[in-house]
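S.K.: Chain residues, written in single-letter form:
There are 2 protein chains.
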Amino acid sequence: MTAIEKTIRKMAEAARNAAPEVARCPADQKNAALKRIAEKILQDASYIQAENKKDLVRADEMGLSGPMIERLTLKDETLQSMADGLNDVALLEDPVGRLSHTWTRPNGLQVSRMRIPLGVIGIIYESRPNVTVDAAGLCLKAGNAVILRGGSEAFNSNQALAAIISRALQESGLPEHAVQVIPVRERSAVNALLKQEEFIDLIIPRGGEGLIRFVVENSKIPVLKHYKGVCHVYIDADADLNMAQEICFNAKVQRPGVCNAMETLLVHQSVAEKFLPDMAERFSAAGVELRGCPVTCRILPGTNRAEDADWPEEYLDLILAVKVVEDMDQAISHIANYGSNHTEAIVTRDDDRARRFVREVDSSVVLVNASTRFNDGGQLGLGAEIGISTSKLHAFGPMGVEELTTTKFVVFGDGQIRT
Amino acid sequence: MTAIEKTIRKMAEAARNAAPEVARCPADQKNAALKRIAEKILQDASYIQAENKKDLVRADEMGLSGPMIERLTLKDETLQSMADGLNDVALLEDPVGRLSHTWTRPNGLQVSRMRIPLGVIGIIYESRPNVTVDAAGLCLKAGNAVILRGGSEAFNSNQALAAIISRALQESGLPEHAVQVIPVRERSAVNALLKQEEFIDLIIPRGGEGLIRFVVENSKIPVLKHYKGVCHVYIDADADLNMAQEICFNAKVQRPGVCNAMETLLVHQSVAEKFLPDMAERFSAAGVELRGCPVTCRILPGTNRAEDADWPEEYLDLILAVKVVEDMDQAISHIANYGSNHTEAIVTRDDDRARRFVREVDSSVVLVNASTRFNDGGQLGLGAEIGISTSKLHAFGPMGVEELTTTKFVVFGDGQIRT
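Keeping their order, the protein sequence lines are chains X and S. Quick note on our numbering: the first sequence kicks off at 6 and runs consecutively. Quick note on our numbering: the second sequence kicks off at 6 and runs consecutively.
Isolated chain X, as found in the complex (with noise of 0.2 Å):
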């Protein structure tokens, strides 16, 4: 065993150890916990800025781009709203413990199940220093104990959030290893942590895909993930054009880098030459590149043609792929091709096709008359998010607090025995 794999199991070690004590902890405990970091992160402003600037100027040195310094940066609004991120988490109602509906069986068994934590939750991410408050936040409240590995350009704002964390955690009378942060910065880190399937019951990786797949590849441990969210919006035979234009410009522009974004529009072909060409300006103004379908092309002279690598692609960007179909199913069967389970929306005024678009169309979240960018934990109501998960086991769509849970079933008798 390397050094490096003995910290890591050290580590892994302490975790278990310490999540029976997260575990049994009373919500009130753990919400004076959590409001007592976000106290922390703004009374140890200056520390914690300090030592962002030495991953700022290293990140400079090493010519990171203006975006991921920009994402790296802690200033003074990015603490304040992980403060407000913790205290929001506090208000969430806490899961733990929480008993099901009991049923009775003949012999008089009275069953339920009763919510509980997973145990010891790893967490692997990239740049952003936020996600080590974030995770430790809603990983803490679902009564886990949390293993943060963040990006190496972030190596030191996250050590000095460990720090703050941990005291924190001391003062409110949880145990110290309920959250750790991986004190080393060489990649076979991560490696020795997806080999800790003794202690860790799950491992999410937040990232992009190549992390992602890294983490799939080399665990040992269930990961939940997502690679990719290649989503579309299907504008059908008698939608309401206006709101259909709302609706795709939201999708495709708010916010063109996140996986929640329009990648693909679809398009009835009996309204196409009505909605496309005002959609099409309106995009075009805003500096979204659209690439069509022969259809589409037609409709829109000039439109690049898409090739078959656009359908699967997830752009991230301010491009869009157009195709005119012939009718819901072609639409159906052209997200379930080319779709990454992740989020969908049909624009239609018919509510039996809304129905089957919503029964039919295989993803974590199916819209109807709504945007694809509310596929979100907050949004849709979850409190604060951990991730969104489009492989169906255990959570599919935005995980919540919730989702960091799972049940046992108890069961109370007096005397049953089997015969």
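These are calculated hints, taken from the structure and not from any lab test. Among the hints, erroneous ones may be present.
Copies of the same chain are indistinguishable here, so a pair counts whether it falls within one copy or spans any two.
[What the hints assert, rightly or not] DSBU-like cross-link-like pairs, simulated, lysine-lysine; straight-line CA separation at most 30 Å:
1. 45 with 233
2. 15 with 233
3. 225 with 11
4. 15 with 230
5. 45 with 59
6. 233 with 11
7. 80 with 58
8. 40 with 15
9. 279 with 40
10. 40 with 58
Small disclaimer: the values here were computed from a predicted structure and weren't measured.
Using the hints, position chain S against chain X.
M.R.: Same frame as chain X, now just chain S:
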């Protein structure tokens, strides 16, 4: 790619293509298909038994043990019970398409969760051919396509059942590839199956610890599993000792070879002198060998001493480890150290301690004043079960039809966009 790899990939692809049609299939049609399979199993009993005979002859030549041959044999009663099981599954409520309560967001979006099938499930199991039918029935009911891989000892039996299922599906208008049994004896078919992560959503291994570890080590697909059941009963200070004796006897003796049988008995020191002698006498009359801690051996002279290796042991036999504990905390910490998160029970008249035991013991089923043998999907009211999960992700405890599904978010709006 080898010929076997090609075969398996083709099957996985066919299952993936069949999955949407199975998912959309109305409850009535699925139930009719289940009943049709049941009918055909009884009608074609002689064909199935002739194929089963080939397996039995081979098993005999290979010198398989009596109990293994017993489990392999498809008697008339076995076929009847397979058919009964399918008819029972047909009676269960269909989980697919069920909506949770709807909540409304401040912007008017109406959000709910819809229960949907997982997609394609792979099941890998050992000798008993009835799993072929049971698993196919549950997966179909939950709207999934399934690929089955039974033990090579049951090869001909499973192929015969596959042919019958396939005909019944066609007669019922379901896609024929909704249920497929791997037509290859070689072990490499399992390796190939575990690599079809592009097409398969979930793998469930059923069998001994060796099989399950092999699957977990080699699968790129999420796995739901349980390794073993080291189940404890704790007799509290103010337990009803008659009730305690009945529960312990049932938990150990009624069916010692199964995962929810008691393997370790924990007794509070204040009742040990009173409880253990009568209990030991009853166990002794039933042929149960006790292995005791030092205090147990003092109370029950002549009892074998338990060694360190006894505490984490799953005997699956008429052997029981016995330990006298100082208090409930020691019982809970013994369970945390040596248990397998499967099934634990307390016998007590103290409500507070019962509730604390239920909260603090980290097992998939925790019982108060009832036998551990109730950790079973049928017994707890889930209908049939596909297995018991002792890992916490997705399902923890017995898995019924609902655990073979997941949920997606469905959102109805009237033009909402994100600002």
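S.K.: All hints are to be evaluated individually against the structure, with a verdict given for each.
M.R.: Each hint tested on the structure:
no.: 1; hint: 45 with 233; verdict: neither (35 Å within a copy, 45 Å between copies)
no.: 2; hint: 15 with 233; verdict: between (34 Å within a copy, 26 Å between copies)
no.: 3; hint: 225 with 11; verdict: both (17 Å within a copy, 26 Å between copies)
no.: 4; hint: 15 with 230; verdict: both (26 Å within a copy, 26 Å between copies)
no.: 5; hint: 45 with 59; verdict: within (20 Å within a copy, 73 Å between copies)
no.: 6; hint: 233 with 11; verdict: between (34 Å within a copy, 28 Å between copies)
no.: 7; hint: 80 with 58; verdict: within (10 Å within a copy, 76 Å between copies)
no.: 8; hint: 40 with 15; verdict: within (28 Å within a copy, 55 Å between copies)
no.: 9; hint: 279 with 40; verdict: neither (54 Å within a copy, 51 Å between copies)
no.: 10; hint: 40 with 58; verdict: within (25 Å within a copy, 69 Å between copies)
Figure legend: structure checked against the earlier numbered hints; hints not met, in rising order: 1, 9.
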